[in-house]
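The task is simple: from the sequences and hints, build the whole structure.
Residue numbers (my numbering), protein chains in the order written: chain A, 8 to 424; chain B, 8 to 424.
Note that these hints are calculated values from the structure, not bench results.
Quantities reported herein were computed from a predicted structural model and do not represent experimental measurements.
Errors might be hidden in some of the hints.
Note: identical chains are not told apart, hence a pair may lie in one copy or across any two.
[As the list claims (entries may be wrong)] Calculated pairs, DSSO-like style, for lysine-lysine (alpha carbon to alpha carbon, straight line, at most 30 Å):
#1 Lys23 <-> Lys280
#2 Lys47 <-> Lys280
#3 Lys61 <-> Lys23
#4 Lys61 <-> Lys47
#5 Lys204 <-> Lys280
#6 Lys228 <-> Lys23
#7 Lys23 <-> Lys111
#8 Lys280 <-> Lys61
#9 Lys228 <-> Lys61
#10 Lys23 <-> Lys204
#11 Lys204 <-> Lys351
#12 Lys204 <-> Lys228
Protein chains: 2
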Amino acid sequence: MSGQNNSSRIDEWLLKSIYRAAGQPAIRLRLRGGAEVSPKDALAVANIVIQDRKTLLRLLLDPEAEFGDAYSEGRIVLEGDLVCALEILYRSMPEAAHQGWYVKLVSECLEYVQRDSLRGSRRNIHQHYDLDTEFYRLWLDPQLVYTCAYFPSHGATLEQAQAAKLDYVCRKVQLQPGERVVDAGSGWGALALHMAKNYGVTVRAFNISREQVLVARRRAKELGLSHRVDFIEDDYRNISGECDAFVSVGMLEHVGREHYRDLGRVIDRSLAKTGRGLLHFIGRNHPRPFTTWTRRRIFPGAYAPALGEVMQIFEPWDLSVLDVENLRPHYAKTLEHWLARFEKCEQQISEMFSPEFMRAWRLYLAGAVAGFHVGTLQLFQIVFARTACQQIPWTRAHLYTDERHEEQETKWMHATS
Amino acid sequence: MSGQNNSSRIDEWLLKSIYRAAGQPAIRLRLRGGAEVSPKDALAVANIVIQDRKTLLRLLLDPEAEFGDAYSEGRIVLEGDLVCALEILYRSMPEAAHQGWYVKLVSECLEYVQRDSLRGSRRNIHQHYDLDTEFYRLWLDPQLVYTCAYFPSHGATLEQAQAAKLDYVCRKVQLQPGERVVDAGSGWGALALHMAKNYGVTVRAFNISREQVLVARRRAKELGLSHRVDFIEDDYRNISGECDAFVSVGMLEHVGREHYRDLGRVIDRSLAKTGRGLLHFIGRNHPRPFTTWTRRRIFPGAYAPALGEVMQIFEPWDLSVLDVENLRPHYAKTLEHWLARFEKCEQQISEMFSPEFMRAWRLYLAGAVAGFHVGTLQLFQIVFARTACQQIPWTRAHLYTDERHEEQETKWMHATS
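Structure follows, in structure tokens:
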């Protein structure tokens, strides 16, 4: 009896320690069949039920990594709305809680092991992007755009918003018929194909995900655009030749902070004297790595940079930053769409993958929704140009007037007909 | 005879050395009554006539500083269009030419002497901004806005463009009636008065130029806005109290790169939990000081930062950058207006100041036009916010539609009537 009492007192002490480390969120923590901690002055919005004592101990050592693994493996069960609970946790948890010596050590070892060398990048990208395309088809839009969409209005559908994003990028870099574009990190090819189809440009699109390149080439063929879009299975560091516009949507997160100068060098050597470009990427308010869980289970080698870090790409080469837009709320909305579709296809996905995979990806998607809502994650689009670039619009009004766009399309049609 | 030959050969060698250091521009260099160097493969767009050998020697040692002083003192005469000639020089001159050990030493000593401490800033600001307001009235717009204007269309007048800029800033930070605004570095008060008058906010406006503060207070009184706008003669480091929006237009150039964290600290301690703000400043593509001439004769203690440096203001305090716009072409146009008005008032200005002052200011204005044209100078507007800020617009379209603006004005009128 007294042994049981002692151990339940220890459980309670452990739970309280975890609860304090998490910043005392409006969430109830419970050890299955045992002790629990509840918020003092607030209603609990969700319950986190820890299934065993081992998990409890591990949570104390490395809360973020263990939460992810335990949730995926069913050793933690969350009762209530997952996104909502994660938002509360992100808001309450002081950043210092991720910064224990153990967590730091693991984090830095992982950064070394997953470093984005030529070979390392291939391995890292393979793990996420070479999953069966059929899986992504289940919950992405029909064009398979796996980056933040742009919702011109709240009512836009995901399909509309992804199409709008592709076009927004083209308008931001002011593509002109006949120009040569490099698309670095081209996914399943939607942006490159949109550019060639609607703006009369030729595109060389680089990607190290074999699976994605194969799908993209097939789509180019189907659309009769193979002569205008070249999907090349190669690393951005091997890009050669000249281009008028250098565009990269959703690749920078996989470049790694050690390699921003390399990417800048590639842009500088590729870009014509009057060239310009756009980078679109997940960023941060200040330098901070992804959790080790995210890097181990979801995005190996990934890093979302703060703007100060990103400037290493532009500053050594005298490139002018023309426009930076933070589309954070749009990524929260995009991810809400993905998560809802993902949940809808639970049955089909569970036939393809294990329950652990299913839960890990649910946590990743829900965590990203929460991160963009709360503001631990940002989404930046940066337009840049050579100082000699003449294609700098006088104001940004053209991005928001449909007439100008129609005019541009007409102009292009005249130029090629 | 042979002595004369030798000295003219030395002159020619000196001229050629200067010409090479300047990157062989399409400009003819001539020593008055003596040697000259002409571009080989191009027509000379202008002649630079050096009046004496001492100037020639000094140009070799510290080209930028000496060019400025010699031009001001009439020891260099420029035949041709000044802006055009400076553009050619800026384009041809490799940046390494500013980087000799002597130039670097002088530059760093000057940075120390003119450091922007509380007392140093007062002295630095006094030298430029406490000049007789009547002087600035001659060539600025009637509202005395001494920062980059925003020309919604090419045809806008300077008056219209300055009014549009004031409003653009207000719209970018989404001012709401009743909010509390801090305006750091408020000039002659145009922005603070515009905000109070058109957006129903209260403003505390800080400035260490006594002359400007006196003028601004008088204008507030004349407009019946003294109860809404408080012009305070004090340093940004002494700002206290809370605000909903923190705005600073054209002050950052005088903060000094050693003090960006100080400014960030002031913003962080001033800004309400849901606050946001805007910084508007002259910037660079990469870190690079103003010439020693500019800092000695025009803007003591000034520094135009690269975006990477500016991020020190936001990153330590978890502020989100929402929007960065580079308005470089607008500043070139603004400065063209100022320069043209300045030239028109030559007679009146020459009654107030010496010919050296007149020429120095002509060179400063023309040099700035050239810098913004060529791209050695940038003009950034950065909108930032706390992560908890709710006043983040869904898209930037509202900045470019008049209806929304009218709606906002109507809303404000309802709120206060």
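Right, here's what the structure says about each hint:
| no. | hint | result |
| --- | --- | --- |
| 1 | Lys23 <-> Lys280 | between (61 Å within a copy, 29 Å between copies) |
| 2 | Lys47 <-> Lys280 | between (63 Å within a copy, 23 Å between copies) |
| 3 | Lys61 <-> Lys23 | within (16 Å within a copy, 79 Å between copies) |
| 4 | Lys61 <-> Lys47 | within (26 Å within a copy, 81 Å between copies) |
| 5 | Lys204 <-> Lys280 | within (25 Å within a copy, 46 Å between copies) |
| 6 | Lys228 <-> Lys23 | neither (60 Å within a copy, 60 Å between copies) |
| 7 | Lys23 <-> Lys111 | within (23 Å within a copy, 59 Å between copies) |
| 8 | Lys280 <-> Lys61 | neither (60 Å within a copy, 39 Å between copies) |
| 9 | Lys228 <-> Lys61 | neither (54 Å within a copy, 71 Å between copies) |
| 10 | Lys23 <-> Lys204 | neither (59 Å within a copy, 54 Å between copies) |
| 11 | Lys204 <-> Lys351 | neither (32 Å within a copy, 53 Å between copies) |
| 12 | Lys204 <-> Lys228 | within (12 Å within a copy, 60 Å between copies) |
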